[in-house]
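K.L.:
Which chain is which? The protein sequence lines are A and B, in order.
Here the numbering used here is used: the first residue of the first sequence is 1, the next is one more, and so on.
Here the numbering used here is used: the first residue of the second sequence is 1, the next is one more, and so on.
Be aware that one or more of the hints could be misleading.
Below, a sample of chain A positions facing chain B; criterion: calculated Cβ distance under 7 Å [what the hints assert, rightly or not]:
no. : residue
1   : D178
2   : L182
3   : I189
4   : F192
The hints are simulated quantities; they were obtained by calculation from the structure and are not laboratory data.
Every residue, glycine too, gets a C-beta built ideally from N, C-alpha and C.
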Amino acid sequence: MAYDKFTTLRTTAVPLPNENVDTDQIIPARFLKATERVGFGDNLFRDWRYDVEGNPKKDFVLNDSTYSGKILVAGRNFGSGSSREHAVWALYDYGFRAVVSSFFADIFKNNCLNIGVLPVTISADFADKLFSAIASNPETEIEIDLAAQKITLLSTGESESFDINEYKKENMKHGFDDIDYLLNMSNEIDVFVEDK
Amino acid sequence: MEKTTLFDKIWDAHVVKSVPAGPDVFFIDKHFIHEVTSPVAFLNLETRGIGVKYPERTIATPDHNVPTINQEQTIKDQLSRMQVQKLRDNCSKYGIELHDLGSAHHGIVHVIGPELGITQPGMTIVCGDSHTSTHGAFGAIAFGIGTSEVEMVLATQCIMQSKAKKMKITVDGILGKGVTSKDIILYIIAEITASGATGYFVEYAGSAIQSLSMEARMTICNMSIEMGARGGLIAPDETTFNYLEGKRYAPKGEDWDKTVAHWKTLKTDEGAVFDKEYHFDAADIEPMITYGTNPGMGIKVKGTIPTTEGMEGSNKASYLKSLAYMGFEAGEAIKGKLVDFVFVGSCTNGRIEDIRSVAQFVKGHKKADNITAWIVPGSREVEKMAHEEGLVKILEEAGFELRQPGCSACLAMNDDKIPAGKYAVSTSNRNFEGRQGPGARTMLASPLTVAAVAVTGRICDPREVFQN
Ligand code: SF4
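Generate the whole structure from the sequences, applying the supplied hints.
P.N.:
Take a look at the structure:
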């Protein structure tokens, strides 16, 4: 399933400084039964977002209209626990295109790259700067330039570069999954077959 | 020149492009599909609005959940009927060769591929089924893939794969009487455990392996997956060429000579380096049987079930759980245990040679009264030969029930299920809890051991039952 192209993202951000957020929190197991990939965004952070009656919890950041945007700035060790891909489907479906953290759980990071949510690993210092900048002004914009592998806090102009596997970077830039990548190589494959 | 392994040679010849710091774009020569893992892949193609790139490289047959009686009638089970119908629809829509139920070459996908000569040395072969490793017996790189990869192969004839590590398993020496290739592979898995080859592609070599027929080699490569390996392969030789010559899709005439000349180059260079190597002596191998719930839990038929000595914590707990499921005690002998069912079939041991060996040994005997004996040929071709060679008559006289080709009780997706709590000695490849039916207790063994068990009604050593 292909996803939207990722070039340069310039947007406000939602802060979630909690550390060790596991995928059970991102999407609880009871919402994994769906057979189609629709509606997962509604259940993103379900138990943090809603009480047992289904009323929004006022103190959770996704229910606070002060904060919005396509970037989630998260605490250290984001996405640990179960390898469920549904966690990323939920983030994507909700509208996040990038997650920024000083450390990602391994499988979660891979899942992100396959689904089209850019995981951006930054230093703990830079993460602190982002959190305080957003706290003092929720309108603060952040820019993520995939081609340049650079993340910038626009209010101060401070920036940091980040790593990404070259293959995954190309895929993200074009909004490709593995099949799209292969489909795009159709001519090269034809040439290979002729030479065989 | 760099010394390379057979696996390297085939792999490298199929890399369309190496993605920097990523996987290889890996070209697939032949793609087998069946009714269970292909429907969603076809559905996704439709959603994307694309077709099948090289339909002539895909071959289809329904095998996993087809009934093994009355195949000429409409399939009763709804899910099975729908899946088989979907396979037919997709094949006719995209122009894919289908060996349908009842046709001359219908059968288990890993049995018909070699039988038709589709499987050839040097090829890359995939199928949405883990036992695709069977085809490695011809000196091919063959492995199982997931449904999203089935979609990739249909759409592009390629998948994205990183190269596996290389392992060499050498078995030298001469096999004892009554010891078969199934015993070799059960022995190897017991030695290196059910996860011992995870991350590796295995090459089997050595004089004991070279002495085997193609059927016997297929049994070994088939079960590579049961020690965690991605696949297994054996360098092609005269045995391979003789098997393929004259097969329907094998090259003919001048083409044959040219192709064989190329096939002869497909071997590991002297001095090529493997990431891991094992050596075994054929003289140490005896008839084997499994007593637990993974294929690594195998012992000599005349041996005892291991005690828990040296085991700790979760390891020990899962071992005891496995024995409890099987109804066995640690430390006891396995010989003499009563058995309820025997099953001869599957892509591991459902080929003509397997049926011949069972027939040869039960000839003139009767199955024991406590035994229900099923024999399910791997393909229509096998079934036909078994009739022509008089094997069916021998087996029926011995009290075996012959069924029509399919996976059958190997995974019990159809009606061929071992009832809960019953013991089955089976020529198939997996003894997981519930594999042959909910609560079924499976013991894996060679066709020869299965024949001996059928006759005596108990776990026994075939060398003691059949004197010759
Ligand atoms: S016979 Fe068993 S192992 Fe072989 S393809 Fe069928 S289900 Fe899989």
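K.L.:
If a hint holds in the structure, say so; if it does not, say that too.
P.N.:
Structure-based check of all given hints:
no.	hint	in the structure
1	D178	holds (5 Å)
2	L182	holds (4 Å)
3	I189	holds (6 Å)
4	F192	holds (5 Å)
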